[in-house]
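> Chains as they are written, first to last, in my numbering: chain A, 43 to 200; chain B, 157 to 448.
Since the hints were derived computationally from the structure, they do not count as laboratory data. Treat each hint with caution, since some may be false.
Listed next, the in silico EDC-like pairs over lysine to aspartate or glutamate satisfying Cα-Cα at most 16 Å (straight line) [what the hints assert, rightly or not]:
{"id": "1", "chain 1": "B", "residue 1": "Lys-158", "chain 2": "A", "residue 2": "Glu-161"}
{"id": "2", "chain 1": "B", "residue 1": "Lys-406", "chain 2": "A", "residue 2": "Asp-70"}
{"id": "3", "chain 1": "B", "residue 1": "Lys-239", "chain 2": "A", "residue 2": "Asp-70"}
{"id": "4", "chain 1": "B", "residue 1": "Lys-223", "chain 2": "B", "residue 2": "Glu-238"}
{"id": "5", "chain 1": "B", "residue 1": "Lys-246", "chain 2": "B", "residue 2": "Glu-289"}
{"id": "6", "chain 1": "B", "residue 1": "Lys-158", "chain 2": "A", "residue 2": "Asp-98"}
Some chain B residues judged to face chain A by a derived CB distance under 7 Å, without partners named [to be verified]:
{"id": "7", "residue": "His-180"}
{"id": "8", "residue": "Val-194"}
{"id": "9", "residue": "Pro-195"}
{"id": "10", "residue": "Gln-236"}
{"id": "11", "residue": "Gln-261"}
{"id": "12", "residue": "Pro-330"}
{"id": "13", "residue": "Ala-343"}
{"id": "14", "residue": "Pro-346"}
Using N, Cα and C, we set each Cβ at its ideal position, and we do this for glycine too.
So the chains spell out like this:
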Amino acid sequence: MDNLFSLSVTVNGKTYQRSVDPRTLVSDFLRHDLGLTGTHVGCEHGVCGACTVLLDGAAVRSCLLFAPQVHQHEIITVEGLGSIEELHPLQEAFRDAHALQCGFCTPGFLTTLIPFWEENPHPTEEEIREAISGNLCRCTGYQHIIDAVKLAAEKMNG
Amino acid sequence: MKPAPFCYFAPRSIPEVLSLLSKHGYDAKILAGGQSLVPMMNFRLVQPAVLVDINNIPELTHIQAGKTGLQIGAMVRHRQAEKDPLIKEKSPLIHETMPHIATVQIRNRGTIGGSLAHADPSAELVVVSTALEARFKILNEKGERTVPASDFFVGLLMTVMEPEELLVEIEIPPLPPRTGWSLQEVARRPHDFALIGVAALVTLNKKDRCEGASLVFLSAGDGPISAPEAAGLLQGEVLTSELIIAAAEKASADEIDPGNDIHATAEFRRHLANVLTRRALEEALTRARIGK
Chain A
43 MDNLFSLSVT VNGKTYQRSV DPRTLVSDFL RHDLGLTGTH VGCEHGVCGA
93 CTVLLDGAAV RSCLLFAPQV HQHEIITVEG LGSIEELHPL QEAFRDAHAL
143 QCGFCTPGFL TTLIPFWEEN PHPTEEEIRE AISGNLCRCT GYQHIIDAVK
193 LAAEKMNG
Chain B
157 MKPAPFCYFA PRSIPEVLSL LSKHGYDAKI LAGGQSLVPM MNFRLVQPAV
207 LVDINNIPEL THIQAGKTGL QIGAMVRHRQ AEKDPLIKEK SPLIHETMPH
257 IATVQIRNRG TIGGSLAHAD PSAELVVVST ALEARFKILN EKGERTVPAS
307 DFFVGLLMTV MEPEELLVEI EIPPLPPRTG WSLQEVARRP HDFALIGVAA
357 LVTLNKKDRC EGASLVFLSA GDGPISAPEA AGLLQGEVLT SELIIAAAEK
407 ASADEIDPGN DIHATAEFRR HLANVLTRRA LEEALTRARI GK
């Protein structure tokens with residue numbers, strides 16, 4: 043392979059240096075090059091939301107970014123939200139409200155919802171529905187996901 | 157690897173971009189937000205040999221009030237435009253358009269210039285910029301030119317831009333006094349491509365008669381589809397419900413050319429266009445009346 047791009051990127055607080063073929067999608071880069079398989083790959087054309095990560099704090103589709111585009115930027119994946127011992131409050135709420143069944147879509151929902159929730163800690167149901175409209179879930183019918191966001195909001199707000 | 161191989165360039169200045177475009181011509185594609193281009197590359201519908209990434213050029217991200225209008229840099233992202241107070245003040249129609257565009261993840265990345273240069277006839281910005289008579293500032297190595305929206309879009313996914321040209325700025329002229337606006341659309345799911353939609357502008361004179369009106373449709377043909385005859389029916393008139401119904405009938409029956417696909421028949425799209433045009437004109441009229 044000629045034409046390799048040397049990139050440096052911070053993922054979940056750790057800086058990685060890798061040489062990649064420029065056509066490597068960030069979703070594949072995270073999974074294959076860094077072994078961070080928490081980011082799931084669904085449709086690979088920006089529709090399903092499963093591969094959502096935080097790029098400099100904003101929720102984006104990692105399947106619609108080439109790896110060189112995140113050079114010198116900061117990514118947070120689902121692995122960076124909390125640990126098994128200490129879940130993020132939203133992860134806890136997902137568990138408590140049964141907001142996942144197969145769990146395939148969950149990383150994308152969490153990374154989508156975290157900036158939304160930080161910006162809007164008292165969301166209405168309509169706002170929650172709007173916020174998750176870019177993420178597909180085939181198990182839950184979304185209702186439990188909405189319940190989880192409400193639960194997290196209640197817990198955090200006292 | 158989903159996309160075909162390409163050479164990747166990440167220039168840091170506009171002259172560097174123009175030089176790369178001039179050198180590679182038709183082999184090169186500009187990568188702006190990538191929210192339409194990358195899906196097409198992942199499907200290998202597009203296989204550019206050279207990708208010129210313009211995400212590292214700060215000169216393309218300005219939003220400022222100029223003497224002749226609101227100037228928006230081509231690399232302003234939809235989400236940035238959605239939250240920008242100057243855009244909200246100077247061009248409420250652009251502000252209101254933003255939440256209609258795809259989902260928040262896409263808006264976090266997608267750009268104003270990218271959407272316009274892609275020229276998808278179902279893109280809200282293509283239609284709204286046409287209704288607002290926006291001007292497009294385009295550069296190549298030899299100089300610059302400014303093209304009005306009415307000349308910019310020339311067909312399905314096609315603009316007047318040559319391969320060595322770069323869209324750098326969109327200028328939105330101020331609306332005349334007492335002008336109301338509206339954007340109406342129907343999509344099968346919120347944020348999905350609209351089955352049909354319409355942007356309407358209505359200007360009233362001091363006697364509350366219609367001084368000018370504009371109707372531009374999305375997903376209604378190969379580009380932004382204007383309905384000058386329907387708008388002409390309103391010219392100089394007091395805008396009664398009957399007249400609005402007649403204009404909506406005219407536009408939806410005679411002036412648009414929607415297609416059939418798995419999502420809706422052309423007939424259903426015409427029906428929607430009729431209803432939406434009425435709503436859009438009524439909303440624009442109400443806003444024109446309360447305007448200064």
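> Hint by hint, say whether it matches the structure.
To see whether the hints hold, each was checked on the structure:
no.: 1; hint: Lys-158(B) / Glu-161(A); result: violated, 34 Å
no.: 2; hint: Lys-406(B) / Asp-70(A); result: violated, 51 Å
no.: 3; hint: Lys-239(B) / Asp-70(A); result: violated, 31 Å
no.: 4; hint: Lys-223(B) / Glu-238(B); result: violated, 22 Å
no.: 5; hint: Lys-246(B) / Glu-289(B); result: holds, 14 Å
no.: 6; hint: Lys-158(B) / Asp-98(A); result: violated, 25 Å
no.: 7; hint: His-180; result: violated, 14 Å
no.: 8; hint: Val-194; result: holds, 4 Å
no.: 9; hint: Pro-195; result: holds, 4 Å
no.: 10; hint: Gln-236; result: violated, 10 Å
no.: 11; hint: Gln-261; result: holds, 5 Å
no.: 12; hint: Pro-330; result: violated, 31 Å
no.: 13; hint: Ala-343; result: violated, 11 Å
no.: 14; hint: Pro-346; result: holds, 5 Å
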